[in-house]
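Chemist: Keeping their order, the protein sequence lines are chains A and B.
All letters in the first sequence, in the order written, are residues 1 to 457 by this note's numbering.
All letters in the second sequence, in the order written, are residues 1 to 129 by this note's numbering.
Where hints are given, some of them may not hold.
Residues from chain A that keep clear of chain B, each with C-beta distances beyond 10 Å, as calculated [claimed, not checked]:
id, residue
1, Glu-29
2, Asp-33
3, Ile-83
4, Gln-109
5, Asp-190
6, Asp-209
7, Ile-326
8, Thr-377
9, Leu-427
Pairs of lysine to aspartate or glutamate, EDC-like flavour, derived with a Cα cap of 16 Å [stated by the list, open to error]:
id, chain 1, residue 1, chain 2, residue 2
10, B, Lys-64, B, Glu-89
11, A, Lys-330, B, Asp-68
12, A, Lys-155, B, Glu-113
Just the calculated beta-carbon pair ranges, DEER-fashion [as the list claims (entries may be wrong)]:
id, chain 1, residue 1, chain 2, residue 2, range
13, A, Gln-104, B, Ile-108, 46 to 56 Å
14, B, Ile-108, A, His-6, 22 to 32 Å
15, A, Asp-28, B, Asp-86, 39 to 49 Å
16, B, Asp-127, A, Phe-3, 20 to 30 Å
17, B, Asp-86, A, Asp-232, 23 to 33 Å
The hints are simulated quantities; they were obtained by calculation from the structure and are not laboratory data.
All C-beta atoms, glycine included, are put in the ideal place defined by N, C-alpha and C.
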Amino acid sequence: MPFVPHTEEDIRSMLDAIGVESINDLFDEIPADLRHDLGDEKPLALVPEGLPESEVARLMRGRANEDGAPLCFIGAGAYEHHIPAAVWEITTRGEFYSAYTPYQAEASQGTLQLLYEFQTMMASLTGMDVSNGSLYDGASSLAEAILMAVRANRKSKSKRILVPRTTHPHYRKTANTIVMNQGITLEELDYNAEAGHIDPASLSDEPGDFAALVIPYPNFFGVLEDVDVLTDWAHAHGALVIAVVNPLALGLLKSPGEWGEKGADIVCGEGQPLGVPMASGGPYYGIMCCKQALVRQMPGRIVGRTVDLDGKPGYALTLQAREQHIRRSKATSNICTNQGLMVTASTIHMALLGAEGLKRVAAQSHANKQQLVEKLTAIDGVSNAFNRPCFHEVVIQLKTSASDVLDSLAENNILGGYSLVEDYPELGNAILVCATETKSSTDLEHYAETLQRILNK
Amino acid sequence: MSNVPAELKYTKSHEWVSLDGDTATVGITDHAQDLLGDMVFIELPEVGANFEKGDDCAVVESVKAASDVYSPLSGEVVEVNEALADSPEAVNNEPYASWLFKLKLSDISQLDEMLDADSYSGVAADDSH
Numbered sequence: 001m002p003f004v005p006h007t008e009e010d011i012r013s014m015l016d017a018i019g020v021e022s023i024n025d026l027f028d029e030i031p032a033d034l035r036h037d038l039g040d041e042k043p044l045a046l047v048p049e050g051l052p053e054s055e056v057a058r059l060m061r062g063r064a065n066e067d068g069a070p071l072c073f074i075g076a077g078a079y080e081h082h083i084p085a086a087v088w089e090i091t092t093r094g095e096f097y098s099a100y101t102p103y104q105a106e107a108s109q110g111t112l113q114l115l116y117e118f119q120t121m122m123a124s125l126t127g128m129d130v131s132n133g134s135l136y137d138g139a140s141s142l143a144e145a146i147l148m149a150v151r152a153n154r155k156s157k158s159k160r161i162l163v164p165r166t167t168h169p170h171y172r173k174t175a176n177t178i179v180m181n182q183g184i185t186l187e188e189l190d191y192n193a194e195a196g197h198i199d200p201a202s203l204s205d206e207p208g209d210f211a212a213l214v215i216p217y218p219n220f221f222g223v224l225e226d227v228d229v230l231t232d233w234a235h236a237h238g239a240l241v242i243a244v245v246n247p248l249a250l251g252l253l254k255s256p257g258e259w260g261e262k263g264a265d266i267v268c269g270e271g272q273p274l275g276v277p278m279a280s281g282g283p284y285y286g287i288m289c290c291k292q293a294l295v296r297q298m299p300g301r302i303v304g305r306t307v308d309l310d311g312k313p314g315y316a317l318t319l320q321a322r323e324q325h326i327r328r329s330k331a332t333s334n335i336c337t338n339q340g341l342m343v344t345a346s347t348i349h350m351a352l353l354g355a356e357g358l359k360r361v362a363a364q365s366h367a368n369k370q371q372l373v374e375k376l377t378a379i380d381g382v383s384n385a386f387n388r389p390c391f392h393e394v395v396i397q398l399k400t401s402a403s404d405v406l407d408s409l410a411e412n413n414i415l416g417g418y419s420l421v422e423d424y425p426e427l428g429n430a431i432l433v434c435a436t437e438t439k440s441s442t443d444l445e446h447y448a449e450t451l452q453r454i455l456n457k
Numbered sequence: 001m002s003n004v005p006a007e008l009k010y011t012k013s014h015e016w017v018s019l020d021g022d023t024a025t026v027g028i029t030d031h032a033q034d035l036l037g038d039m040v041f042i043e044l045p046e047v048g049a050n051f052e053k054g055d056d057c058a059v060v061e062s063v064k065a066a067s068d069v070y071s072p073l074s075g076e077v078v079e080v081n082e083a084l085a086d087s088p089e090a091v092n093n094e095p096y097a098s099w100l101f102k103l104k105l106s107d108i109s110q111l112d113e114m115l116d117a118d119s120y121s122g123v124a125a126d127d128s129h
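Throw the hints in and build the complete structure from the sequences for me.
Modeler: What follows is the structure, encoded as structure tokens:
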């Protein structure tokens, strides 16, 4: 095949094949008034004239000021943590400042060493044998973990995956979009209404037909699942265990490698809480670790440590024969890059905090959540939805409309939580509230007082 | 010129077969290992798996490529060479002793469709050009 752009005939035959008149028809889903059709004579009516840089800067500052500096109690997958100033100062140095893992591996020993250290930190945090150099984000890391489990679980040959409803709803949607066309089905597992976790007693004793069980930890409600029992149940039924974790919480909680008798098999999750600021949903990054036995099924890049001809230590990309530039359509995944810059920040962040620092951040977040729950549930008409232990996030039930209450809080410069009404209507007027170490006692008190005032109106 | 033992049968995709009753022992040829280079990992099928002739059933991974191994005949896997897990380089050193798996054949007549040593030598020679 010649490497030339599509010819008119190519384009015509492709359009005919899918039954479309013109390329513009492919954009029909976008409302006409938002479109500037290609080849059209009319100007881009909705785009204003260009502005000088100074005026753009002033405009954007003004817009940013409109956001104010609200007190944020929303978590639901992205978490506000203190990031030491040194983290991004070092990350944005010229030597590190790239989004990519190097293709000319040997030319970038510093970057490779950093990735190697990242992998070491993640493996030790999750209790797994190996880590890759990261994936796109938490949601797609779950999809990759599912694809990996189906490839790896050759005994079960099943293409069904048990996914609890306590897994982040966006993760479930994303994973389904990615895996459904490969014939993989995600079977929902409902949670216990009092506890907000997967009740091990609700699991079937029948021999199952599942490639894997997904265990979120903490789960989307902030609740700690009964990981030991669930892990042993999965293994007894021939399923692998995919842990979806908040890596920061693992500073305090039992690592997936220690769950049950044999530990989880694959660990994935969102890396954002480790040094990546909350920024309109991204860029964040996904983590992926596994046991040694599954390493050849793991997607993404892995950096290994070796010695050169003179016996000096050096770093190299390893297991490349599985990747798409060599293995083509049979590659373990089509992940061809990662979120290198976010990983750089995380590695520096973890190095600055150390294991002890991570543990303290996790413990303080948990304590603040605890304090907030006590203050909030002391208010008439506010209750804790579940009776199980939570990490730094909790489901609070209200007697009045969740969205009205959240709107009123926002008018008072408080982002009070994430409404669960759409994803979990059975929970009523429920909101998911998070308190990290960034909140002071005064902040927690201020939230509780404001909420009480709003509810008493 | 690579080594092509006269007593074995071959495929165009560089597998060799030796027959004992209705059980076929399968490996990759000297020519194949030479093309692939140093082996680092061999992914073997599960015992009990059933393959049709031509199915991909194993992967040989060298420092420069990972290639599928195709089942030369139809049948059920009755044994795999576990020793290759720890010493994949055996395939480089002794390709005709380092078998990958054994198949209990479902249709022994398929053997007639395989290449003999002479024909395979021709295939391998063309390949090297």
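Chemist: Compare the structure with each hint and give your call.
Modeler: Hints versus structure:
{"no.": "1", "hint": "Glu-29", "verdict": "holds, 39 Å"}
{"no.": "2", "hint": "Asp-33", "verdict": "holds, 51 Å"}
{"no.": "3", "hint": "Ile-83", "verdict": "holds, 40 Å"}
{"no.": "4", "hint": "Gln-109", "verdict": "holds, 20 Å"}
{"no.": "5", "hint": "Asp-190", "verdict": "holds, 34 Å"}
{"no.": "6", "hint": "Asp-209", "verdict": "holds, 17 Å"}
{"no.": "7", "hint": "Ile-326", "verdict": "violated, 6 Å"}
{"no.": "8", "hint": "Thr-377", "verdict": "holds, 54 Å"}
{"no.": "9", "hint": "Leu-427", "verdict": "holds, 44 Å"}
{"no.": "10", "hint": "B:Lys-64 <-> B:Glu-89", "verdict": "holds, 14 Å"}
{"no.": "11", "hint": "A:Lys-330 <-> B:Asp-68", "verdict": "holds, 9 Å"}
{"no.": "12", "hint": "A:Lys-155 <-> B:Glu-113", "verdict": "violated, 32 Å"}
{"no.": "13", "hint": "A:Gln-104 <-> B:Ile-108: 46 to 56 Å", "verdict": "holds, 52 Å"}
{"no.": "14", "hint": "B:Ile-108 <-> A:His-6: 22 to 32 Å", "verdict": "violated, 50 Å"}
{"no.": "15", "hint": "A:Asp-28 <-> B:Asp-86: 39 to 49 Å", "verdict": "violated, 58 Å"}
{"no.": "16", "hint": "B:Asp-127 <-> A:Phe-3: 20 to 30 Å", "verdict": "holds, 26 Å"}
{"no.": "17", "hint": "B:Asp-86 <-> A:Asp-232: 23 to 33 Å", "verdict": "holds, 30 Å"}
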